[in-house]
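S.K.: Each chain, written out:
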Amino acid sequence: MRIQTTKSIWFLVAAVALTGFGCKPASEDSTKTDTVAGASDQKSELLEIAKDRKLSADDMVSAVSTYGAPNIKDEFVCLNSGGQAGSVIAYGVPSMRILKYIPTAAPDSAAGFQYDEESKLLATQGYIDDRKINWGDTHHPAYSETDGKYDGEFAFINDKANPRIFVMDLKDFETKQIVTNPIFRSNHGGAFVTPNTEYIIESAQYASPFDHMYRPLTQKNFNEFFRGGITYHKFDRSKGRISPDESFVIELPPYIQDLSDSGKMESDGWSFTNSLCSERYVGGIEAGRPPWEAGCSAADTDFLHVINWKKAAKVAASGKGTKINGYTVIPLDLAIAEDLIHLIPEAKSPHGVDVSPDGRFIVVAGKLDTHAQVFDIRKIEDLINKKDYAGKDAYGVPILDQKKAMHGQVALGLGPLHTQFDAKEGIAYTSVYIDSMVVKWDYINLKVVDKQSVHYNVGHLVAMQGDSRDPRGKYVISLNKLAIDRFNPVGPLHPQNHQLIGVSGDKMRLLYDLPLPMGEPHYTTCIDIKALKTQDVYAPGTNSSTMSPSAVATAQGEERVEREGKVVKVFATVSRHGITPKQVSANQGDTVLYHLTNIETKPDASVAFNVGGYDATTFLPPGRTATVRVNATQSGHFTVHARMTDQAQPERSFGVLGVKPVPAMEAARQRRTATMEVAHNELMTWAVQQERAELADGERQFVEFGCNACHRQGREVGGPDLTDVTVRRDKAWIKRWIMGPDAMYEDPTIIPLIERFGVKMPNQGVDAANADTIIEYLSTWKSAGAAVVSDDPGEKAYAKVCFACHTAGVGGAPKLGDKEAWAPRIAKGPDMLLKHGIEGFKGDTGFMPPRGGCSDCTDEDLKNAIDFITSKAQ
Amino acid sequence: MLKPNSRSPWILAISGLLIAGCFSETTKPKAKEKEAATEVSGELFKVAGERGLNDDQIRAAMQTYVPTGARDTYVGLMGAGTSGRLVIFGMPSMRILKYAGVFTPEPWQGFAYDDESRNMLRASAREDIEYSFGDSAAPALSEKDGNYDGVAAFLADGANGRVAVLHLDDYETKQIVTNPVFRSGYGGITVTPNTEFVVQNTSSPDLPIGEWAELDDPKLASKLRGGVTFWPFDRGHHTENRINESGAFTVELPPYVQGESDAGKGASAGLIFTLGFCSGTGVVPGVDTTCGDEKTPAVLHIVDIAKAQTLAKSSTTLHGKHPRVKLADAAADGALRQVELPAGPTTIAVSADGATAIITHDFGDSVSVLDLNRLKGDWSAAKPDAFGVPTLSAAAAGLTQIKVGGPTADVAFGAKGNVYISVITPGKLVRIDLAKKTIAGELALDFPGGKLMIPQADTASPTAEYAVVMNTQPRNRLTSVGPVLAMNPHLIDISGESMRSLSDMAVPQATRIDAVAIKADLIDGGTVVRYPPGTNTRTGELSDFRTAAGEERVERKGNRVHVFGTLIRSHITPEIVEVTEGDVVTFHLTNLEQAQDQTHGFTVSTYNVHSSWEPGKVASVTFTADKAGVYPYYCTEFCSALHLEMMGYLMVKPKNYVETAEVEEVATPEEIAQAKLDYEAKAQTIKETQAVIDSVVAWLNEHEYKKDVRAVELVTDAVAQLNAAAAIQPQIDAAIAAGDWPKAKLWAEQYFQYQVKAADAGVRAKNVMVEGGAK
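Protein chains in written order, with the working numbering: chain A, 1 to 874; chain B, 875 to 1649.
It should be emphasised that the hints constitute simulated quantities derived from the structure, not laboratory data. Hints may be right or wrong, so weigh each one.
For lysine-lysine, the following DSS-like pairs were computed, each having C-alpha atoms within a straight-line distance of at most 27 Å [what the hints assert, rightly or not]: (1) K51/A to K1290/B; (2) K569/A to K176/A; (3) K660/A to K1097/B.
As the structure is a prediction and not an experimental result, all values here were calculated from the model.
Sequences are here, hints too, so could you generate the full structure?
M.R.: Right under this line is the structure:
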């Protein structure tokens, strides 16, 4: 048996990992430094504050390590994916202040993104199947690189939900290009760049047919028609944009491809992509199949894809590939034939695959393993060159022997997830999800160096420039998925918690907790601010979506209104004098285009613009030109606001758009409004209300007050099965409970139920009359009862009430005839059983109400019933 | 093939963690019980020296740093201009805790992306114009007896004339009402001392909705109006607490430029004070007037709420059912009166006792002080202004001035009668002595003073620790990331005799900044971390579309498809949904979790839908499946180790698709035999894991976990996971009985995954107890 033979080895590894760092006294942890001391009165003031604010000596050091002030600059700027917020978040390190939400996939009214015509046009680049998409699930940002080092020019990020890549220019930290993937239906392993940003890597996540055709989801079809893959987006540095024409896809088996990294230095030319669910499992829990999570974690290893992208680029350029949806694809058989792809078994369900700064080692962290595995490109190349294969997968892809390709592995804890690198050779940091810790370890000598607990459940982590050739160490940030109790509560939706950890010393040290107030960052990448070449204003008249002069820019003194039929074009300037021209007239039914240019030149002299009452807004930093469209469907006066943001008091200068009524237009508008209303109502209604009206009284209340969310007849769904509840409980008690459960949580018969179901029945505000009808309805919830087959007084007494719990085992009650369950109870003796029967009893598994809730049961009845139960359990 | 990773390390590692329990103790910061420092380490000065901190900055760092797990003293709520969101932050750490979606759609929290919140937002449309942004200054908080009660926050949309109601138990927007008289208004808002009314006012003069006048009409000014709108607030059960639109009314103001309002309290209860700029003959937007200089006249509008309400009840000028009280009627009845003010009034604040109002001005070098008790006296000296409103001269009203050395942006009351003024140029924060009418202290700022906030300043209980002056010129104070940068509130310590600068906050995605703040202990206790199972969080009611575990289903009527599904770590039920091209599909999903912070998200590839499901929440997303094909769906919130496997497929069949019989492959005897071995191995793993979990339970019991409320929550979650595992046992038994070993193996794997989730929660339960001092 595989397990038995390997157990002892792994036991040792795990035991060493867990105990080797465990039990040192805390005092050894703190870093001692001898240095100049402050004046003693200063010290006593600081200690006074520390005492007031309950700061430890370590906290005091953390405070000065992270404090930001105008004269104390951040050292790094980190880009974080905004996750479901569809944005990119920039913050400074070590001050941990959020500097910007970069609008990417989702609308951002503060920036005017997807509100003005320029950014709306940009957003159309990201439409898929001609469908408007106004959100995204951004996951992995990457900085552009030159020679394996961040060059501070561009950044990229992927959208997992709608497979796309966004290109940002770091001159203004704004989105400039959106490139859709014409082959995939989702992605994950992007954006990762090659060492000179030749390509931006985007791997698929959930497999789907490349031709986008429908295929019934059988295992056979899944294996045959569903595919994963990797897209290599060609980046044209001179234009600062991706060239789809020169990009290509490599087809892969339908393993769920995951994160990727490109090789560098000695592994330059290779790229690496993880997978999960190499089982190719197809779920279907509604059809009685175990869910995906069960089937995808059944095997012990998944596959690391090793791709020779330089060779693949040549194959793609040679025209040997095929075109799908007009895009170059290297089919799997061609990739195999051209020796482009190899697989290596890797630690189960890995997330990060990360190449060391020198390019030699590839570290894989298996979420469902305890190990991080270190592969060696020299060994991999050697095996590939020798065609030394351990086998082939179902599609004929050669598999390399894991052990032969591996430098070694280290047990780090439960759920290793992602690795980044230190400036010191051989030092890496790996996040460990379930153990909630960051592990510092040596991937060359294969040993753990230090561990730091984090709060809680860390996903990715980032070290400064920690995925480049030029890592800086100093700080690591733990990107925790749960915050739970770290911050003042803000409702059920918690912020994320990014914990800054100082890593300059021997021991890691927790410095700061940063709540992320919007979005769920998955991955972060941090650049030395000295590498950035940001600009603070735009050249006058710039269309910032293209970074080129706008055709509709207006200079001061050239402001004008041009009318073309039903289109009113307002060539306007905005400045600290407000908007010019201030008055614009139009007719109902016209389209009014405000072409706005901010003619201010001083940084921060931005203008927030909107047309009050119309859904029209944008934001203009100095120099920017943007266009706001007003579809003037309604007549009246509309205040035009152009508010300078750099002034303590907003500008009082405002303009007006006068839209003159046109009766025909008004009639058409009213018809359209009515149609919109009808369509909306049709969309949003469903038969639930009607079905409910058809329910009988009692059942209807039961449904309307939400009782059915947790209570079902004959089974437990979140709350007890109420079958026979009116037998078990006194009706007055039930009524009291239904009307005011929150006053009864301490009721001894309720406590075990709360423990059992882990939820307190909420007060649903049921009044007395409705409570009565609900109880009446519940009294129809009856089991068959206990069939009395004899004159035995015990059986008769049992049938009176005991059956209501003990026949089905309601609320943890031992079942009639369950010898194992009754034995310890019977062993207490009949007197004790009777005492519990009369007084009630709370046990480990459930509770017995006094007299089983039967107020008219006599002691004699109970004694007889106990005799009967005992006889059945012998 | 080498398979080096057996399941065993998991068990051993779990046992190592949970039983041995030693490494956690050395590395866990003991946030709860830790000792305050007794000496200052040399390292502090070393680090401070390296980073260039001066002594003031070292002290400021100590005063603002909030260690992991500790709490901020105040919770701030900030309007952020055209972001259309409410920014919630902690003081003194000045960390932003949440951007709550209010007027602008936000996909992370699903705001205006799911049907429930989109319908709520849509209800604020003006017929065919739906709104997707707002422009807000500071919110107001609900009050009881003049103090914040922590129930609700109100945010105005100055651009489109709307008011949003947020509940502070979950920081979600629950209602948006739209002004039926005026299209846009002032970005700020105020409430009366018992939140009888939420009060909104206009900013620029406006033509009431439904009326028309040419822009070049020479009599235009006389046709324009300002206004104050009163929205009654209904208190009640926590799911109520919304504005009652049927009792709302608007009082016309003259067509001046209105600014901030404040509600009277105490001595001045029952009055609303609104600043009016450029009073005189009326202002036409876009026409140059004399508004822009220090000679421009200004007034304070004073509305008597009771009188106005009586007039509203008999008003025949209705916008829908919303009464509008005409200017002439309000002026004649004394419902509206005015006091003349010096030029450029920027803000007004009423003192805690309601006896004094202070008005700041962006012209001149003084602030105005008005004794509100005097307004109860004789108005016979009042003269009608150009619109017939009785108006007292400043002198007749007893208005006095205090010199502060420059134009002023804002005023706030502190504790002990202290009054603070934000001076624009030279930028400074000034404390004035009201009795002596002098400056009592000042702190120079190296930026123009902007809006000013002191926690609870506008209540009967102002505080004494912190002030925040808003800086709108962040350049050179924050690291640059291009032309668009965060805004920069500046935190100041006002607890001592001399005021001291503390720190610079960054607020990204803001185009103006103004805030209020409340003591954290007044609000934190009222927040919730989960909803009653099956809640539509926007209405506060149980959703018609909630789904219990085991009740998942797909219902169809014509081309309308409703999927009633559930979300729980780590699967979406159902996992495969088949529809036909052209179907209108709604996924109504219920998050079955009860564990804190266990949120799930959901999207269908390329169909442009997303929302967020916090524990207990029901939300729905609707789209038209307009193209045949295969569309993965998945959970977008990293929710567990198997988060990536929380997925499914929407299968969209082409129209008129002809089904063909699909032949499924049958497992070979060898595969079945291997599956049996695998099952047995997994069963052994499960058994060993269970033993470990039992020992954990013993550890937790031994350490009286029930005394630690955080541990109880986590143990409850762990137990729920184990119950979920137990619920699978019948599936395993059935598969074994049927000889279906591949299935038995998979269900056993699922059983084990629930055990792992239990261990995850268990590890955290133990960690929080160790953090709390358990050994």
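S.K.: Broken hints, numbered, in rising order?
M.R.: When the structure is compared with the hints, none of them turns out to be violated.
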